[in-house]
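Please model the entire structure based on the sequences and the hints provided.
Line by line, the protein sequences give chains A, B, C and D. Take 1 as the starting number for the first sequence in the numbering used here and just add one per residue. Take 1001 as the starting number for the second sequence in the numbering used here and just add one per residue. Take 2001 as the starting number for the third sequence in the numbering used here and just add one per residue. Take 3001 as the starting number for the fourth sequence in the numbering used here and just add one per residue.
Note that these hints are calculated values from the structure, not bench results. Keep in mind the model is a prediction, meaning the values are calculated, not measured. Be aware that one or more of the hints could be misleading.
Partner residues aside, some chain B positions facing chain C, computed with beta carbon under 7 Å [said to hold, decoys possible]:
hint : residue
1    : Ser1027
2    : Phe1029
3    : Arg1032
4    : Val1138
5    : Ser1142
6    : Ile1143
7    : Gly1144
8    : Thr1146
9    : Pro1148
10   : Leu1286
Every residue gets a Cβ at the ideal spot worked out from N, C-alpha and C, and that includes glycine.
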Amino acid sequence: MTAAPILEVEGLAVAYGAAFAVRDLSFSVPEGGIVALVGSNGAGKTTTVQAIAGAMRPRAGRVRLAGAEVAGADCAEMVRRGVTLVPEGRLVFPQMTVDENLRMGGLNARAAPNVTRNLARVFELFPRLAERRNQLGGSMSGGEQQMLAIARGLMAEPRLMILDEPSLGLMPKLVGELFGLIQRLNGEGITILLVEQNVRQTLQIADRAYVLEKGRVVLSGAGSDLLDDPFVRKAFLGH
Amino acid sequence: MSARALMSVALGAAAVGGLAWLGTVLSPFHLRVGLSIFLSAGMAIGWYILGGFARYYSFGHTVFVGVGAFAAALTLQTWRFDGWVLQVATGVGAAMAASAVLAAVIALPILRLRGHYFTIAMLAVALVCAEAASAFPVFRGSIGLTLPDVAPPSVRPERFFYWMSLGAVTLAVAVAALIARARLGYGLFAIREDEDAAQMLGVPTTRCKVLAFLASGTITGLMGALYALNLGYITTDSVFRGALSLDMIVNSLVGGMGSLFGPLVGAVVMTLLTKVMLGDFLEYHLAITGLIVVAIVFLAPDGLLGLAEKAWRRVRGGNAGGGADPR
Amino acid sequence: MGETISRRETLALAGAAGIAATAGPFRPAIAQSTPTLTFGGTIPFSGRWAEIGQSVHAGYQTVVKYVNEEQGGLDVGGRKVRLEIKVVDDASDPQRATTLLQRQIDDGVQYFLGSYSSPIILPQAAIINRARRPMVQAGGGADAIFTQGYRYVFGMYPRASRSAFPAVDAFEALTPKPRTFTVVYANDPFSKPQGEGVIARLREKGMEVIDTVELPATVQDVSAMLAAVRAKTPDVLMCVTSDQTSLLIARQVAQSQTDLKMLFTSLGPQATSFREALGKFAEGITCISTWSETFPYKDPIFGSTAKFVEYYKKHNNLPLIYHQGTAAGCIVAYAWALQQVGRVDDPNAVRDALARIDIESLYGRIKFTPDGDGDPVLMGSSVTQVQGTDLKVIYPQQLAEARTLWPIRPFSQR
Amino acid sequence: MLQTIVNGLLYGGTLSVAAVGFSLIFGVMNVINLAHGVFVVGGAYAALALWTGLRLDPILALVPIMAGGFVVGAAYQRFVIGPAVRRGSPVAALLVTFGLSLVVVNGLTIVYSSAVRNVSPAYAFFSVRIGDVTIDAVRAIAFVTALVLIAALALFLRTTVWGRMIRATAQSELAARLCGVDARRVYALTFGVGSAFAAGSGVLIGMIMPFTPAEEVQWTVYAFVVVVLGGVGSPAGAMLGGLLLGLAATLTQTYVGPVYTNVVMFMILLAMLLVRPNGILGSAFRASR
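Here it is as structure tokens:
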């Protein structure tokens, strides 16, 4: 890991009421890399990335983005600073057209002037969306909605894109395409933080991965190393 | 029965006994205050069986008060019995039966709705019944119905109704407490936490909700009958009052939604405040009532009991963790 | 009542029960130089009947203020007695009204004034009657108040079913006689029996009722009803409705140019705001006024209706309508009865005096039927008509201030 | 028959505009605003004050009154409803709206008494006759105004950035925030717009029918009926619901009897809730529930 970290998380704790979903969590994401958070259901992955993106307020800990302290900043500020979360379950706006969905993604002050250019770019990336430009988000298939969610995220011109369970509910063929897409985006210079349950494929593309359990990091290492790790094999890969 | 349950039954019995004894010494005004409290408390408990246990907030529970009151009045006008036992039994019986029938008829369709939609639907049920009671001449709701004076000649009516409503509220609490301890109660609590999950875990959610709704409606109807018998003259406006529905909710929330004591405490406090003390404030009392409601929401979101509990925990040095603040 | 415990014990108990705050301020005043007589009761200061409640209250207060301030009290058995009114807000809620009334009974208040609206008065009447304290009220006209055998409850109004007779009689007296009527009444405890009474009276007098319409207690739109009225063209449209519904009807009659020879609305034109809202379209609308400030009566306290009106206007901003007159009449009746009895501590004797009262007052004749309601002929309403910006009495003849505009100018030609 | 239908539509237009603000607030924020009727009645009193005080025509008065409604509504959300939702729950918010409506109604009663009021500009008593059909001028004017207002709202929601933000927040608050939307501001905006429309409808109502402070309850209830009938959140739904309800009301009045009007209206509400709780047009914001 040579590049400077774009994101550093240290001692993060997040709670719902009195119940802590994440406690004392630390990890870092190098600029230009692909980092994965893996773990079983309820391990605290979604909570973690929502706290980073400003959708939840951490109880404790530090979050540094390109060296600047951003713990507790709200979503709007994080988006402005170049962090975009593509949320679990896609959450496209079902009663808005594809076009409107994408324009929503490009709302922030930094990206707003470039909406036309960015639209052209995502339509080039996802020709399918260009075809369905005036269709309602809710009327599209799961795969298309996932594309739309990612495209909407791209409209914000992120430096760091966080993808939360993007493969959930997709057909295997589409999952393959999705991981290809993620690598392509990464190739274009966008740092990726990937939360996945599809551990095998994730570890194959991740530079580095962290295994979470009960809100803590229990294991970390290069993606390929973890693929061979006995614990990971037993817990996630079914060997 | 566990020791704790026995203890609470004994305590409850003692409380009821004490209140009944108070009925022999209180002045007529205080008897009326008492009976107002009991009626409010009984209605609040009735509402709580559905609203508190299962978090199905009915905004139209006054429909059961109204249907109970009208059933009692109409029956007692049609069949004129002698003797208070028979009269009360008929009136109350008719009220409970009519409320139960109404609850049974609407239970299945209406309990399919959730959240705000259930709330509005109950409001709609109340509005339909109220308007029907007024519009259809058979019900005489617009011009009013007179009820016979059922109190036996040897007992002052306010004392009689004090005891009757004390009895009714005791019954209501007992039924609610039994439900809370029975499987039905656990089913309802599961629904309150997460209805879909409860269903997946095999809780017969529909049956639980229907049963709770029946119990809730019948008890509220019983209170409605006593409310009407005590007034002696009812119109649509006096028993199908949106204010009654609101009182049930407000009482429960003011007291606290955590346990059955919530609606009881709320009924006592709110009845004293709004029905008795604020009578002296003439034209400002509505505003004051409104401000109290607002203050409760902001200062004691978990009700007075919640507030007391928090204070208690603070005294004992525990920490009251604040909630996450996603917004 | 041997079973009632003493006041001190009550207070102690109340304290014990944590409800000491509820023990009211209504202690019968004893240790004052001038003895004070307290009238109790509840008034709807809020809720549905709030507006009328304020008028009723102002009527009561005016007489009491006059007696205390201008006459140094009421002469009862050779002593001056200060009058005092202690009323609380029942919020138009019957349950609350009974509780609050009971508190006053417990506190020893012996004479009661009425709240407003039958659903409140009726339950109170039962309590009052049981406590054997008189109540004179100007707010409940439902027949049921007077058919339960309550001996202690007196009403200034004739019971509802008889109360609009004068209107019918006034129309009968017109020349040429109107022939056809449509009667509209609101479906509430007062208007419905009143409307049914009107229909019965019309038929009794041989006039034709071509249509009857029952309206809900509140309405937003009567255009459909008026379309039917236009189709059947009655001479007279009689509306037994609340002031709000009356205003709506009158406006829509004017808008839709429903030309009638006469428009009657039982409630509404009495209020200046009603007449102002309609402007020139108010002209000719008739209504009943149980009382009018132009009545030429003598009064034992003020001297005459006119003097009462003058005094009222000097001390009040609230527009003077018939409710103040009726309410004032209650106190006048009490004053007469108290003076007859000659002492203030005998409610039973006062009740008996009220039962036989037959006097002229600022309100008009006061005489109750054996059931306690106002005598339908002697205490019946006058009929008034909007002429110019004022309301003029047009019936009965001996009170008439102006000739009836009949037929009224068609709305389409205004 | 034709007259009945015309009357129904004219009345329905008023119901629509009186409900559209409620619909927006309910749809976007999932808050049932029991103080809705207070804004309606407040608008009527404001129109009355401007009419009697400055002789300002109610239609012109719409501008300042809706602006006032917006400011009050936005502040109300920012300082009262929002904190209540965060502290308690939607039900707590509902109670707060109820409590405050008591306060305001009480205030109005003290200032204006509960006397029946009415705003009557000169044209309030005219009508137009087309064939056999009589149309009250003031109702026609109110109807046209209602259409214009609702169309304007629809346009605002559909074409402006802020409109898009409101819709997006309604459909998924989290996703909207992740796009950089400041949800609090959107909520304040929504409440402001909803309240502005409530107050505006009050102006129209004050023109065509008498009102009292206590009337607010009724307008809240009608808003419920309209919204449930037409569908939550969309101006089109409110329009459709209002017109249908107006028709149902006048048809009942004519063919069944006026006294049954409310029974029928509330039966429709109930039937709709049981059969198709999302309304005829469905929820504008949520695909299904």
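Review point. Given Ser1142 (chain B) as an interface hint, is the shortest Cβ-Cβ distance to chain C below 7 Å?
Key: Since chain C brings a Cβ to about 4 Å from Ser1142 (chain B), closer than 7 Å, the hint holds.
Check your understanding: Would the stated hint for Phe1029 (chain B) survive a check requiring a Cβ distance to chain C of less than 7 Å?
Key -> Given a least distance of 4 Å, the restraint on Phe1029 (chain B) holds.
Practice item. Closer than 7 Å between Cβ atoms is the bar; does Ile1143 (chain B) clear it against chain C? Give me holds or violated. Key: Cβ of Ile1143 (chain B) sits 5 Å from chain C, so the hint holds.
Review point. Under the criterion of a CB-CB separation shorter than 7 Å, is Arg1032 (chain B) in contact with chain C as hinted?
Key: At 4 Å from the nearest chain C Cβ, Arg1032 (chain B) passes the 7 Å test, so the hint holds.
Review point. Was the hint right that Val1138 (chain B) lines chain C, CB cutoff 7 Å?
Key: violated (13 Å)
Check your understanding: Against chain C, with CB atoms and a cut of 7 Å, does the hint on Leu1286 (chain B) hold up?
Key -> holds (5 Å)
Practice item. Report holds or violated for the interface hint on Thr1146 (chain B), using the least CB-CB distance to chain C and a cut-off of 7 Å. Key: Interface hint status for Thr1146 (chain B): holds (5 Å vs cutoff 7 Å).
Review point. Are Gly1144 (chain B) and chain C close enough, Cβ to Cβ, to be under 7 Å, as the hint says?
Key: Since chain C brings a Cβ to about 5 Å from Gly1144 (chain B), closer than 7 Å, the hint holds.
Review point. Does the interface hint hold: is Ser1027 (chain B) within less than 7 Å of chain C, judged Cβ to Cβ?
Key: holds (4 Å)
Point to revise | Hint check: 7 Å Cβ-Cβ cutoff, Pro1148 (chain B) to chain C | key: violated (10 Å)
Going down the numbered hints, you'll see the structure goes against 4 and 9, while the others check out.
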